[in-house]
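Student: Sequence:
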Amino acid sequence: MAKKGTRSVLVYNRPTYDLIATFDCHIFAFLNPPEFDEDPLVLMNGEILKVGDCIVSFDSKKTSAGFPGFRMKEGNAVIFAGTYPGEDNEKGRRLVCFDRINEDGLVPAIHDEYPRVCFGFTETPEMPGVFFFSTPAVAGRVVETTRVVRWKGGKK
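With the sequence shown counted from 1, adding 808 to any position gets you the working numbering.
Derived by calculation from the structure, the hints in this document are not laboratory data. These numbers come from a predicted model, not from an experiment. There could be a bad hint or two in this list.
[Stated by the list, open to error] Ranges between beta-carbon positions, derived for each pair:
(1) Glu934 - Glu911: 34 to 44 angstroms
(2) Lys960 - Tyr820: 13 to 23 angstroms
(3) Gly860 - Thr830: 18 to 28 angstroms
(4) Asn821 - Gly883: 19 to 29 angstroms
(5) Asn821 - Glu843: 33 to 43 angstroms
(6) Gly948 - Pro893: 32 to 42 angstroms
(7) Gly883 - Glu934: 27 to 37 angstroms
(8) Pro823 - Lys960: 35 to 45 angstroms
[Said to hold, decoys possible] Within a straight-line C-alpha distance of at most 30 angstroms, the following computed DSSO-like cross-link-like pairs (lysine-lysine) qualify:
(9) Lys869 - Lys960
(10) Lys869 - Lys899
(11) Lys858 - Lys899
Note that the Cβ used here is the ideal one computed from N, Cα and C, for glycine as well.
Can you make the complete structure from the sequences, with help from the hints?
Tutor: This is the structure we're talking about:
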């Protein structure tokens with residue numbers, strides 16, 4: 809049983825990265841420096857997400873446990889790093905990868921075992937602009953990108 813105040817994770821070992829499932833998003837711990845695809849993404853609301861864009865939150869018109877949205881704590885944002893082909897890329901899935909940024913700039917996610925660690929989600933070709941992640945309880949979550957808050961930098 810987990811101690812009060814702690815959150816568990818579930819790790820899936822892939823050939824080129826470890827996928828770490830959390831209750832808020834996936835964490836991709838790359839075993840070698842990744843080469844990201846830098847093509848822009850079209851979000852559900854029609855906005856374009858380009859490499860370097862900073863996001864505070866992705867929200868949905870739907871509000872339920874299965875559609876939690878994604879929100880950073882005040883003073884923090886994620887910066888779009890690009891996409892990476894998923895290990896089952898024959899299905900066209902890709903990893904949507906973000907780095908963390910705050911008022912002081914880029915926050916490197918450094919870990920001795922991995923040259924690059926990113927936050928993110930999985931996107932499928934059947935549902936472009938819709939991000940998916942699974943929790944340590946193996947429950948699927950959908951992050952729709954119908955409401956996007958972009959970070960302006962500095963204090964909000």
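Student: State for each hint whether it applies.
Tutor: Evaluated hints:
no.	hint	verdict
1	Glu934 - Glu911: 34 to 44 angstroms	holds, 38 angstroms
2	Lys960 - Tyr820: 13 to 23 angstroms	violated, 35 angstroms
3	Gly860 - Thr830: 18 to 28 angstroms	holds, 24 angstroms
4	Asn821 - Gly883: 19 to 29 angstroms	violated, 33 angstroms
5	Asn821 - Glu843: 33 to 43 angstroms	violated, 20 angstroms
6	Gly948 - Pro893: 32 to 42 angstroms	violated, 21 angstroms
7	Gly883 - Glu934: 27 to 37 angstroms	holds, 36 angstroms
8	Pro823 - Lys960: 35 to 45 angstroms	holds, 39 angstroms
9	Lys869 - Lys960	holds, 23 angstroms
10	Lys869 - Lys899	holds, 28 angstroms
11	Lys858 - Lys899	holds, 23 angstroms
Going down the numbered hints, you'll see the structure goes against 2, 4, 5 and 6, while the others check out.
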